[in-house]
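Heads up: the sequence lines are chains W and P, in that order. Residue 3 in our numbering is what sits at position 3 of the first sequence, and the numbering runs on without skipping anything. Residue 245 in our numbering is what sits at position 245 of the second sequence, and the numbering runs on without skipping anything.
Hints were generated in silico from the structure; no laboratory data involved. Remember, predicted model here, so these are calculated numbers, not experimental data. The reader is advised that the hints may include incorrect statements.
DSS-like mimics (lysine-lysine), calculated; alpha carbons at most 25 angstroms apart, straight line [claimed, not checked]:
id : chain 1 : residue 1 : chain 2 : residue 2
1  : P       : LYS146    : P       : LYS134
2  : W       : LYS133    : W       : LYS165
3  : W       : LYS73     : P       : LYS216
4  : P       : LYS264    : P       : LYS314
5  : W       : LYS133    : W       : LYS229
6  : W       : LYS165    : W       : LYS231
7  : W       : LYS133    : P       : LYS216
8  : W       : LYS229    : W       : LYS165
9  : W       : LYS127    : P       : LYS216
10 : W       : LYS165    : W       : LYS127
11 : P       : LYS192    : P       : LYS264
12 : P       : LYS134    : W       : LYS73
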Amino acid sequence: MAEPILSLKEVHTYIGQHHILQGVSLDVNAERATVLVGRNGAGKSTTLRTIMGLYPARSGRIELDGQAIQHRKPFDIARLGIGFVPEDRAVLYTLTVEENFRLAMFRESEEGRRRLESVFQLFPDLKRFLHAKAGILSGGQKQMLAIALALVLDHRVVLIDEPSKGLAPVVVEHLGESLNRIRDTTTVVLVEQNFYLASQVGQDYFILDDGRVAHQGLMEDLVTDHELKQKYLGIG
Amino acid sequence: MAADTGPAVSAGSAGLDARRWGTWIFSVGIWIIPLLWIDVVTYMTLTIAGLTMGALLFLTASGLTLIFGLMDVLNLAHGAFFVWGAYAGFSLLNYLNTVGWVEMASIGPSAGSLVLVLLTALAVGALLGIILEKIIIRRTYGNHLKQILITMGAALVMAEIIKIFWGPNDEVILVPAAFQDSWDLFDIVVNKFRGVAIVVGMAVFAAIQIVLQRTKLGIIVRAGVENREIVQVMGYNIQRIFTGVFAAGAALAAMGGVMFAIFKEQIYPGMGDETLIFALIVVIIGGMGSVAGSFFGALMVGLAFNYVAFLVPKLALGVNIMIMAVILLIRPSGLMGRK
Chain W
1 MAEPILSLKE VHTYIGQHHI LQGVSLDVNA ERATVLVGRN GAGKSTTLRT IMGLYPARSG
61 RIELDGQAIQ HRKPFDIARL GIGFVPEDRA VLYTLTVEEN FRLAMFRESE EGRRRLESVF
121 QLFPDLKRFL HAKAGILSGG QKQMLAIALA LVLDHRVVLI DEPSKGLAPV VVEHLGESLN
181 RIRDTTTVVL VEQNFYLASQ VGQDYFILDD GRVAHQGLME DLVTDHELKQ KYLGIG
Chain P
1 MAADTGPAVS AGSAGLDARR WGTWIFSVGI WIIPLLWIDV VTYMTLTIAG LTMGALLFLT
61 ASGLTLIFGL MDVLNLAHGA FFVWGAYAGF SLLNYLNTVG WVEMASIGPS AGSLVLVLLT
121 ALAVGALLGI ILEKIIIRRT YGNHLKQILI TMGAALVMAE IIKIFWGPND EVILVPAAFQ
181 DSWDLFDIVV NKFRGVAIVV GMAVFAAIQI VLQRTKLGII VRAGVENREI VQVMGYNIQR
241 IFTGVFAAGA ALAAMGGVMF AIFKEQIYPG MGDETLIFAL IVVIIGGMGS VAGSFFGALM
301 VGLAFNYVAF LVPKLALGVN IMIMAVILLI RPSGLMGRK
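With these hints in hand, go ahead and build the complete structure from the sequences.
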């Protein structure tokens, strides 16, 4: 088995006095889509934010290709090749769509411009609204832009936090198609409450419960394991 | 992605537009209404004085609004940068006077003196800003109470150091000879330095707008004002950007200080306190974090102060508080602030 591209070992994270991650260990394999699922408050988003350095890990080790990153700053972690799509359609509303892309291209290059073209093929609407303020886009378009911003650089891993939150079912359907195309070219770690979307995109899964990994395996197995889904996700 | 293609339309946008228009109608009213009671020549003289004051206030307020908008830092030491810039310029002008530049009536040495003085003030302000941000400010991010206390303390220390080096008394600051007299434009007397101040204010506004709107650095700063977290996870060292913006804000305050001192032809250690209050009013009127808002807010404050000082002198200081109250009642986020 190949070495994981991203690995967490016994990671503990506190937010204020609250002990949120209580020894999370997980391995993300390259060129796979890994989904973190679990109930509200299980620690899924905190896991992504800890990987990004937005919440400091109090103990444990986080490795990107074997290199420890748990003490690095968020900008440094981004430069090492981890893209992050925060939840709640995190785009810059007062900037135009074009300015959002310019910002996202930390290193402006020919390669970046080529990637931008492929991003436009994935999300053609964004090209149409290139000169519009991102704030006027619809919810679905904002989410597409948020994801697209993480794709314009050649990231080794892209972390996506709850992309379907607050979106209409038809938009979620299209989002799933887009994420599947992204999965074909990039290693994706997805946090998702919507199990339908998670199962459409995910290949590997980790169930988080009370700040720990409670179960892991292949998504195709989870889809048919109704007992496990009922126990940890509350769905039959 | 083909679905959900229409841009979002906010249900409350009509109400928001009405409020925005309300603030602008009020702002233009401040400019026009005094004509009812003042003759045209006096009105024009007061308008030029108001624009001068506005341009000078903008220099100080623009830095304050950037620092607050990007860094969420309430910097009450901003007035101290203003004073340090003024005193640095004062010393340099005294030196240039010894080599004969300041008293020469020709435009070359006078303009050269002014440019050197402005560059020195900018450098002194930027240096002090970097030192203050690295030593004090970065320890107080996210805590407004600590920021208020620590920056107030820093302002007191910086003012006391001024007294050690330059003494506690009022001093007269030299005005480069070419800017001492006035132009007569159709019976409207325009002091030359006032013209220079307006041009400098406009030029700084234009420069800031170009940097903010047309450059990658500007995009990063504007993005940082809106959402620091996104900027960080895109690979930008927000801490370094913070330091740079703080230094730029301090430099602008210092430049405002020396311009204000030359305008008043006077300099004293406490001159920053009064200006800080005006700058805070301007920033609140314009909208926290908006440089363009600060520009229009500063002009509004400068004009209203001068018109009211002529019509009802006792109300001159209070009128700006009244303007701030009216703007906040109509639009709590200020002229151009975000909601």
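Status of each hint after checking the structure:
no.	hint	in the structure
1	P:LYS146 / P:LYS134	holds, 15 angstroms
2	W:LYS133 / W:LYS165	holds, 22 angstroms
3	W:LYS73 / P:LYS216	holds, 22 angstroms
4	P:LYS264 / P:LYS314	holds, 20 angstroms
5	W:LYS133 / W:LYS229	violated, 41 angstroms
6	W:LYS165 / W:LYS231	holds, 23 angstroms
7	W:LYS133 / P:LYS216	holds, 16 angstroms
8	W:LYS229 / W:LYS165	holds, 20 angstroms
9	W:LYS127 / P:LYS216	holds, 20 angstroms
10	W:LYS165 / W:LYS127	holds, 23 angstroms
11	P:LYS192 / P:LYS264	holds, 13 angstroms
12	P:LYS134 / W:LYS73	holds, 17 angstroms
Of the numbered hints stated above, the single one contradicted by the structure is hint 5.
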